[in-house]
Amino acid sequence: MSQYQHVFPVVITGHVDHGKSTFIGRLLYDTGNLQSERYHEMMRSSENAGRINEFAFVLDVFEEERERGITIDTSQIFFKTKKRSYLIIDAPGHREFIRNMVTGASYAEAAILIIDAAEGIMEQTRRHIWLLNTVGIRDICVVLNKMDIIEYNEKKYQNLLAEVSSLFNEFKLIPAAIIPISASLGINIASRSNIMSWYKGPCFLEVLENLEKKPIEERPFRMPVQDIYNFNGENLIAGKIESGFVSAGMKLQLLPQKKSVSVSAIRKFPVDIESAFYGAAIALKLHVTTDLNIVRGNVLIGDEEPLCGRQFPATIFWFHDEYKNSGHAIIRCTTQAVNCSIMLNQVFDPAEPDAPLSSDKICVGEVAYCIITTDSDIIIDHSSFIPEMGRFVIECDGIPKGAGIFR
Amino acid sequence: MDYLDALEYRSIFIIREAYQKFRGRIAILWSMGKDSTTLLWLVRKAFLGHIPFPVIHIDTSYKFPEMYRFRDQLAKDWKFEIIVVRNQIQLDNGMGPHKDMKLNCCTELKTNALKQVIDKHGFQSILLGIRRDEHGIRAKERYFSPRDAAFQWDYENQPAELWNQYNCFMREDEHYRIHPILHFSELDIWRYIKREELPIVDLYFSKDGKRYRSIGCVPCCSSVPSNAASIDDIISELEISKESERAGRAQDKEDLYTMQKLRSLGYM
Chain A
1 MSQYQHVFPV VITGHVDHGK STFIGRLLYD TGNLQSERYH EMMRSSENAG RINEFAFVLD
61 VFEEERERGI TIDTSQIFFK TKKRSYLIID APGHREFIRN MVTGASYAEA AILIIDAAEG
121 IMEQTRRHIW LLNTVGIRDI CVVLNKMDII EYNEKKYQNL LAEVSSLFNE FKLIPAAIIP
181 ISASLGINIA SRSNIMSWYK GPCFLEVLEN LEKKPIEERP FRMPVQDIYN FNGENLIAGK
241 IESGFVSAGM KLQLLPQKKS VSVSAIRKFP VDIESAFYGA AIALKLHVTT DLNIVRGNVL
301 IGDEEPLCGR QFPATIFWFH DEYKNSGHAI IRCTTQAVNC SIMLNQVFDP AEPDAPLSSD
361 KICVGEVAYC IITTDSDIII DHSSFIPEMG RFVIECDGIP KGAGIFR
Chain B
408 MDYLDALEYR SIFIIREAYQ KFRGRIAILW SMGKDSTTLL WLVRKAFLGH IPFPVIHIDT
468 SYKFPEMYRF RDQLAKDWKF EIIVVRNQIQ LDNGMGPHKD MKLNCCTELK TNALKQVIDK
528 HGFQSILLGI RRDEHGIRAK ERYFSPRDAA FQWDYENQPA ELWNQYNCFM REDEHYRIHP
588 ILHFSELDIW RYIKREELPI VDLYFSKDGK RYRSIGCVPC CSSVPSNAAS IDDIISELEI
648 SKESERAGRA QDKEDLYTMQ KLRSLGYM
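Those sequence lines, one after another, are chains A and B.
1 is the number of the first residue of the first sequence in the working numbering; add one for each residue after it.
408 is the number of the first residue of the second sequence in the working numbering; add one for each residue after it.
If you're looking for bench data, these hints aren't it; they were derived computationally from the structure.
In this text, all values refer to a predicted model and were calculated from it rather than measured experimentally.
Do not rely on the hints blindly, as some may be mistaken.
[Stated by the list, open to error] Selected chain B positions facing chain A (in silico; Cβ < 10 Å):
#, residue
1, Arg417
2, Ile419
3, Leu455
[Unchecked claim] Okay, derived cross-link-like pairs now, EDC-like style, lysine to aspartate or glutamate, Cα gap no bigger than 16 Å in a straight line:
#, chain 1, residue 1, chain 2, residue 2
4, A, Lys361, A, Glu305
5, B, Lys527, B, Glu603
6, B, Lys452, A, Glu305
7, B, Lys452, A, Asp227
8, A, Lys155, A, Glu206
9, B, Lys617, B, Asp580
10, A, Lys268, B, Asp580
11, A, Lys83, B, Glu488
12, A, Lys259, A, Glu305
13, B, Lys527, B, Glu581
14, B, Lys522, B, Asp466
15, A, Lys82, B, Glu646
16, B, Lys428, A, Asp227
17, A, Lys213, B, Asp466
18, A, Lys268, B, Asp466
19, A, Lys80, B, Asp580
[Unchecked claim] Stretch by stretch, here's where chain A covers chain B in the computed footprint (C-beta under 8 Å, at least three residues):
#, region
20, 421-432
21, 438-446
22, 543-553
23, 626-639
The C-beta atom is built at its ideal place from N, Cα and C for all residues, glycine as well.
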C-alpha cells in the first residue's frame, strides 16, 4: 500500500452565471490552496478588466473567457485538505459548451451542483442533473449561491430547498446536502458562518470531506483487446482490465470467436506480475492451441458471458451538431468501433422532460431513448452491471457527437 | 490499487492508444526535463522496455550543459536514437531570447523547429509531457489534441473526450498532440520518479541554497531558493510549497496572455 491517497475527482456543474468558477476560486483561496503566483495573476487581470478580486479568473484563463465573463472549456485544478487531495473539475454552464461539461463530468466521482438562490432552478440545472445521473454520478452536493443577494432570507431558502428536493426526487436521487452560501464573500464554504443563524447544517468543506469514492464491486473479468505486440518474437495482447481480475494460469474465453485460452504470463516492464486487477493496463502472453485471429475489439472474458449481438436498446445524449434519425454513425464501446444506425424512439430536452420533441432528429443538449443497430457483433454488458462495458460514444464524420449507455 | 499505479496505468493506456492509431507516424518529444523523462519511461513500460518510435529533441542551443550531457548518457543507457532538431536558419540570423522577444524566440526555436521536423518526417502525432497543473491554459487541454496545418490550437472547439475514447480523426494537414501524463501533478511526478528510481538532471537539486524547479533554456530559467538536495527533500518541499512551478519561467510572464498566445500558435 502506498502512503499516499488517491485524488478524489469532483465536478462543479450548474447553470451559466450561477457562480461555478467564482466558487472554485474562492474555495481554493479559503483553504489556502491558491498558489501565490496564480492569486497575483488573478488580482492583476481582475484590475485590468475593471473588477475587484474576480475569483473566477483563477480558472477562466482564456482571454475570451475573461472578456465575456464565462467559462468556455472545462478545466481541472488540484486542491488538498488535511484529509485528502481533490481534483476539482470546472464545467461550463452554457448549452453550446455542453460537450465540455460532459468531458469534465466523465472524470468525476461526485458532483457539486451550484444554483443561484435569486434565480432558482434553471435550464442547465435540470440538464446537468440529468447528465450526471446518466454518466453514473449519484453523489451530488447542492450549494445555493448568492445568498447575500437575497439578504440571507430563510423563507426563500426553504422554498428553494423544497424545489430542489423534489427535482432530485424525480431522479430517485437524494442530494448529499443543500447548503446556503455566498461564493464571492466566502460564506459557508470552508467554515460555518454565523450570518445565517437559522442554518444549522454543515459548511461545504465538511460535506466534501465526507463524500466517498464508489466501492469497486466484484465483477467477472473483462479485457477488451487494445493491440497486439510482437517484441522479440513473442506475441502479447495489450488491454485494460475493465472489470474483475486475472492471474497467471487462469483460463479465459476470447469473444466473439468463443475460443478458450489460458494466461501463461502477465508481462510488465521491468518485472512481470502474477495478477492484475480492475483498471490495470497490461500485456498478456496467452497459451493457445489453435489460431485465434485475434484483433483489436475482441474481448477476453472470465465467467458470466456478456451480451453479444447487433441490436441493443440505449439512452443517448447529444452534445455536438445534430443527428437525423437512422443516419450513419460509428459506435465506440471500449476498444470496439463499429458502423451503426440509431433509431430514435423518444427525444426530449431534459430541461423540459414533459414536452416530447419530434423523433426526426436529436440536437445539442437533448436526450433520447433509442435502438442501436450495428453492422457486426459487439460485446457489451448492461451499464448497471459493468459501467465500463455498457457505455459508448457516437461518432459522426470523425467527430464525437453523442454518448450513451446500454439499458 | 496503489495511487501511483493508477496514474501509471492511465498513461500506459493512452500511449498504447496513440501507438495503435498512429503506428509509423508517431514520435515523442523529449526535453530531458523531469516530465518528459517520466513520459519516456512510461513509453518503455507500455512497450515492455522498447521505445518503438523516434525520440525528438528540439534543441534551441540555449539549454544547460548538464542537459546535453544527460541526454547523451540516457540515450546510451536506455539504447534509443535521438533526432536532434534545430531551426538553424533562425539561429544563424541571431534569434535568441532577447528583451521583449521571448514570444518570438519560443515560436521560432521551438514551435517552428517542431513544424520543420513534423514536415520532414511526416509525423501525424507527437507525444508530449505536459501536465494540467503546470499552467491554467494547460489545465484545459485534452489527452488527444488536434492542431491544424498552421499549428493553431482551436481551444474554443475542442472535441469531447470521455470514457477513454480519444478522437483522432485526421483532417488534411493536421496533427495530434498527445498528452499521456496530463493528469500527473508535479508532486506525483516526483513521487513516481522516486518509486521508479528514474535518473534525473541534477539541476533540480539544490546547490548553494538554490535549485531549478522547471528547466529549459538557460537565459529564460531562474532558480528558486531551496535547500532540497535530494528527491525526498523535493517531495517534502512541494508538499508545503505555495509557489507555482513555473515561477522561474520567463516566457509565461511577458504579458497576461503570453502562454495562451504561445499555445494557440502551436507551442508545447
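Against the structure, the hints:
1. Arg417: holds, 8 Å
2. Ile419: holds, 4 Å
3. Leu455: holds, 5 Å
4. Lys361(A) <-> Glu305(A): violated, 34 Å
5. Lys527(B) <-> Glu603(B): violated, 35 Å
6. Lys452(B) <-> Glu305(A): Between Lys452(B) and Glu305(A) the Cα gap is close to 31 Å, so the pair fails against 16 Å, i.e. violated.
7. Lys452(B) <-> Asp227(A): holds, 15 Å
8. Lys155(A) <-> Glu206(A): Answer violated: Lys155(A) to Glu206(A) is near 24 Å, above 16 Å.
9. Lys617(B) <-> Asp580(B): violated, 45 Å
10. Lys268(A) <-> Asp580(B): violated, 36 Å
11. Lys83(A) <-> Glu488(B): violated, 45 Å
12. Lys259(A) <-> Glu305(A): Holds, because 13 Å separates the two Cα atoms, which is no more than 16 Å.
13. Lys527(B) <-> Glu581(B): holds, 14 Å
14. Lys522(B) <-> Asp466(B): holds, 13 Å
15. Lys82(A) <-> Glu646(B): holds, 11 Å
16. Lys428(B) <-> Asp227(A): holds, 10 Å
17. Lys213(A) <-> Asp466(B): Given that 16 Å is the threshold and the Cα spacing comes to 44 Å, the pair is violated.
18. Lys268(A) <-> Asp466(B): violated, 33 Å
19. Lys80(A) <-> Asp580(B): violated, 42 Å
20. 421-432: Answer holds; 4 residues pass the 8 Å Cβ test.
21. 438-446: Our answer is that it is violated, as 0 residues pass the Cβ test (under 8 Å) against chain A, missing three.
22. 543-553: holds (count 5)
23. 626-639: violated (count 0)
Figure legend: structure checked against the earlier numbered hints; hints not met, in rising order: 4, 5, 6, 8, 9, 10, 11, 17, 18, 19, 21 and 23.
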